[in-house]
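Peer 1: Chain by chain, the residues:
There are 2 protein chains.
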Amino acid sequence: MAIKNVILPPNEIPKQWYNILADIKMNPPLGPDGKPISPDALAPVFPMNLIEQEVSSERWIDIPEPVLDVLRIWRPAPLTRALNFEKALGTPAKIYIKNEGMSPPGSHKPNTAVPQAYYNKIFGIENMTTETGAGQWGSALSFACAQFGLTCKVFMVRISFDQKPYRKAMMETWGGECIASPGPTTNAGREALAKNPDTPGSLGIAISEAIEAAVADTSGKTRYSLGSVLNHVMLHQTIIGLEAKKQFEMIDEYPDIIIGCAGGGSNFAGLAFPFVYDKINGRDVTIYPVEPRACPTLTRAPFVYDHGDTAKYTPLLPMYSLGHNFVPPPIHAGGLRYHGMAPTVSQLAKEGLIEPRSVTQMDSYAAGLLWARTEGYIPAPETTNALALVVEEANKAKAEGKEKVIVANFSGHGLLDLAAYEKYLSGQMTDVVLPEEDMKKSMEIFKDYPLPEALKST
Amino acid sequence: MAIKNVILPPNEIPKQWYNILADIKMNPPLGPDGKPISPDALAPVFPMNLIEQEVSSERWIDIPEPVLDVLRIWRPAPLTRALNFEKALGTPAKIYIKNEGMSPPGSHKPNTAVPQAYYNKIFGIENMTTETGAGQWGSALSFACAQFGLTCKVFMVRISFDQKPYRKAMMETWGGECIASPGPTTNAGREALAKNPDTPGSLGIAISEAIEAAVADTSGKTRYSLGSVLNHVMLHQTIIGLEAKKQFEMIDEYPDIIIGCAGGGSNFAGLAFPFVYDKINGRDVTIYPVEPRACPTLTRAPFVYDHGDTAKYTPLLPMYSLGHNFVPPPIHAGGLRYHGMAPTVSQLAKEGLIEPRSVTQMDSYAAGLLWARTEGYIPAPETTNALALVVEEANKAKAEGKEKVIVANFSGHGLLDLAAYEKYLSGQMTDVVLPEEDMKKSMEIFKDYPLPEALKST
Chain Z
1 MAIKNVILPP
11 NEIPKQWYNI
21 LADIKMNPPL
31 GPDGKPISPD
41 ALAPVFPMNL
51 IEQEVSSERW
61 IDIPEPVLDV
71 LRIWRPAPLT
81 RALNFEKALG
91 TPAKIYIKNE
101 GMSPPGSHKP
111 NTAVPQAYYN
121 KIFGIENMTT
131 ETGAGQWGSA
141 LSFACAQFGL
151 TCKVFMVRIS
161 FDQKPYRKAM
171 METWGGECIA
181 SPGPTTNAGR
191 EALAKNPDTP
201 GSLGIAISEA
211 IEAAVADTSG
221 KTRYSLGSVL
231 NHVMLHQTII
241 GLEAKKQFEM
251 IDEYPDIIIG
261 CAGGGSNFAG
271 LAFPFVYDKI
281 NGRDVTIYPV
291 EPRACPTLTR
301 APFVYDHGDT
311 AKYTPLLPMY
321 SLGHNFVPPP
331 IHAGGLRYHG
341 MAPTVSQLAK
351 EGLIEPRSVT
361 QMDSYAAGLL
371 WARTEGYIPA
381 PETTNALALV
391 VEEANKAKAE
401 GKEKVIVANF
411 SGHGLLDLAA
421 YEKYLSGQMT
431 DVVLPEEDMK
441 KSMEIFKDYP
451 LPEALKST
Chain E
1 MAIKNVILPP
11 NEIPKQWYNI
21 LADIKMNPPL
31 GPDGKPISPD
41 ALAPVFPMNL
51 IEQEVSSERW
61 IDIPEPVLDV
71 LRIWRPAPLT
81 RALNFEKALG
91 TPAKIYIKNE
101 GMSPPGSHKP
111 NTAVPQAYYN
121 KIFGIENMTT
131 ETGAGQWGSA
141 LSFACAQFGL
151 TCKVFMVRIS
161 FDQKPYRKAM
171 METWGGECIA
181 SPGPTTNAGR
191 EALAKNPDTP
201 GSLGIAISEA
211 IEAAVADTSG
221 KTRYSLGSVL
231 NHVMLHQTII
241 GLEAKKQFEM
251 IDEYPDIIIG
261 CAGGGSNFAG
271 LAFPFVYDKI
281 NGRDVTIYPV
291 EPRACPTLTR
301 APFVYDHGDT
311 AKYTPLLPMY
321 SLGHNFVPPP
331 IHAGGLRYHG
341 MAPTVSQLAK
351 EGLIEPRSVT
361 QMDSYAAGLL
371 WARTEGYIPA
381 PETTNALALV
391 VEEANKAKAE
401 GKEKVIVANF
411 SGHGLLDLAA
421 YEKYLSGQMT
431 DVVLPEEDMK
441 KSMEIFKDYP
451 LPEALKST
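Chains Z and E supply the protein sequences, listed in that same order. To convert, note that position 92 of the first sequence is 92 in this note's numbering; the numbers rise steadily by one, no gaps. To convert, note that position 14 of the second sequence is 14 in this note's numbering; the numbers rise steadily by one, no gaps.
Chain Z extracted, bound-state conformation (with noise of 0.2 Å):
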């Protein structure tokens, strides 16, 4: 019997996440004034037991009973051996997954979500404020704040919002909140609206009015949550790549390539960052990070202090960015339309820890649609940009005759994202076009944000 899936037994979940500041060097989110923020100066926005995990560097986290024993729900995830997809690449590479469609939001995002929700519960806190793209973040804090018995408003990007009906019932059928960005309920949301009224809206925008949402409400009761960028966040996700690793040598192999796509970085830091630790500590390990070719923040972008939303309510976080007021093409995979990245996954790319690749929409979707025919589940739109990578890797290994293990973050399922396929299936998908002088424009302004000394070294 060929192995299908590899199942960790469910006592054999980690305990602990990884956390990848105890072994790299970063340099501080900044102020408006130019200088390292202090973690109290985060307060209004997240309650102090996320922002101390945000700047802890211890490299071991106990994970909290009570969220463990709601990522038992799905969790382990299977890690699954795709020998239908090899077959039909006639490839010699072992191709793996890590299966987190499998959720009930079907997405890796609960991982998170889910401990964000209970720090925020046991501070006291009792609503919750959100941004969401493709709606995968936004569904697993609904999901993630019914379990915890708070509530969910969730700003979602107005061309997902009009794209994918589905996420809003989704999200209301977990008891949350969904309207669209820009809206007219925030004065971020009224200044994007102001400039263009047509606008497709963007990540930076919908963190701009979430921040707003939650720092208005004067109880105190309120507090917002990114599902992604920043340090806590890739900490809760690292419990992917931490059974992946114990699922490996159950069956006693290790990965030489590791893919997954990137948006702000959660997902494929969660598969990545327990596998960059073997690397620092000497591993030989080749570590992907891919992304949409029409929003090319790690590979075209300059690694620069940028604020993490559009109207600069966050702090300025070193990383690579297209510029805050970059707003991406609408591609189908909105869960990658995003102008930054994850100041850890940009300091690992910087580095050259990691290897940042690109890939178009219509490879993304050709792969998508071969893995659904030989592999059985329909990826999200973000996990076929992976699965494109694969497919040029799997390709690689058969021309050099290499068998090569590669394992790919499956990040969610595309059963909310089929309109997707049916235009791809009729021809009526194309590449989308970066507007290149829209991301020249908008990278003018680090002309304002000069590099401190600090980053300059690194």
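Calculated directly from the structure, the hints in this document are not laboratory data. One thing to keep in mind: the hints can contain errors.
Copies of the same chain look alike in the list, so a pair counts if it fits in one copy or across any two.
[To be verified] Lysine to aspartate or glutamate pairs mimicking EDC-like chemistry, simulated, CA-CA at most 16 Å apart:
id	residue 1	residue 2
1	K87	D69
2	K195	D438
3	K87	E392
Given chain Z, work out where chain E should sit, using these hints.
Peer 2: Quick look at chain E alone, frame taken from chain Z:
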């Protein structure tokens, strides 16, 4: 640590199906002349290897290895303890579900779609036709046909076709073709449209169209596939209950109550039949098939000989039936809108081995919403019917102060049915009233179908 998911190790997947025909006496299907039909008469519709399974009385039938290889994509499926749901109900009952929503199409249906596609393939068939109600079955067969390189044409009941556009996209993603029923491509479809151009359609009509499309291919390379009702379908689904029994053994429990929703009967049978086997052999266990009050086959229709489809292409089957012309009201649980019931399930009900129940649409959605908010996964509309009865039985256990063990079949997820949840949440859903006059009228045909002596005596 409280047990959440009972995980059966991959190598413990059942290697044989349980055939209930070994343990109950059935009345034979009859031809147009009122005499038992020979298996050969079915040869234009089904491949002979499946016809042999349909009439086999072997108790245990081997699952072919290529079928197991595909089932291993998602099987063994989890047996999940619903601790949060129990807590919300305040019941002493222990509630378990067998989660069939983890398959690529999201329901229990591929348990039979995969072997059916396999047996057709090895018989030399190249094309399959079928019908689908809610879309679960058409999706499952499209998925299965992709695995074995067969084409798949699906006639989808029009009301579901209109309500669930993503289902068509899903089938097409797997390479299937999906068309609304009734439609103009078959005699059966044209007749139904002539009678009522605005008909919401029914499974009975769609079955007629799919059979007609199969036998119309004179090359002999096309066969029809039914997703429920028939003996071999029930057989294939028993892997659910066989796994569940092993999982209960692992935790040293045995259920007092078994619950499955019943439309054609296959998901109910899949979980229940292996426990019916125990009951026949003296075990004390209560087994409830549950159906919507708006389509009350087992609970209100007579046990008769009737056709499985509207155009009377199928043999006469011994079953509870509302009459093959009955068009059920448009409840959201499209998979439960069938005029008849599997002959095996009907026979067990007649013998009192199982005890049919019914629930309302509103109670079902209330139970489904509570499930989503406590246990995370959003149930399919059909599944909510089973959960409504779980709630009733859990409340009864509470009233009686008894620690009953209840297991229900979670037949599928509702991610492609979120529009119905939105309707429920916005207060626009009501209980669908069964048109009593229509029901009585459709059952008038039975005066022309006198019950043979053989049937009366059982």
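Peer 1: Please go over all the hints and tell whether each is borne out by the structure.
Peer 2: Here is how each hint holds up against the structure:
1. Proximity of K87 to D69 under the C-alpha cut-off of 16 Å is restricted to the inter-copy arrangement: shortest distance 14 Å between copies versus 38 Å within a copy.
2. In this homomeric assembly, K195 and D438 come within 16 Å of each other (Cα to Cα) only inside a single copy, at 15 Å, whereas the closest approach across copies is 59 Å.
3. Only within a single protomer do K87 and E392 lie at most 16 Å apart by alpha-carbon distance; the minimum there is 15 Å, versus 49 Å between protomers.
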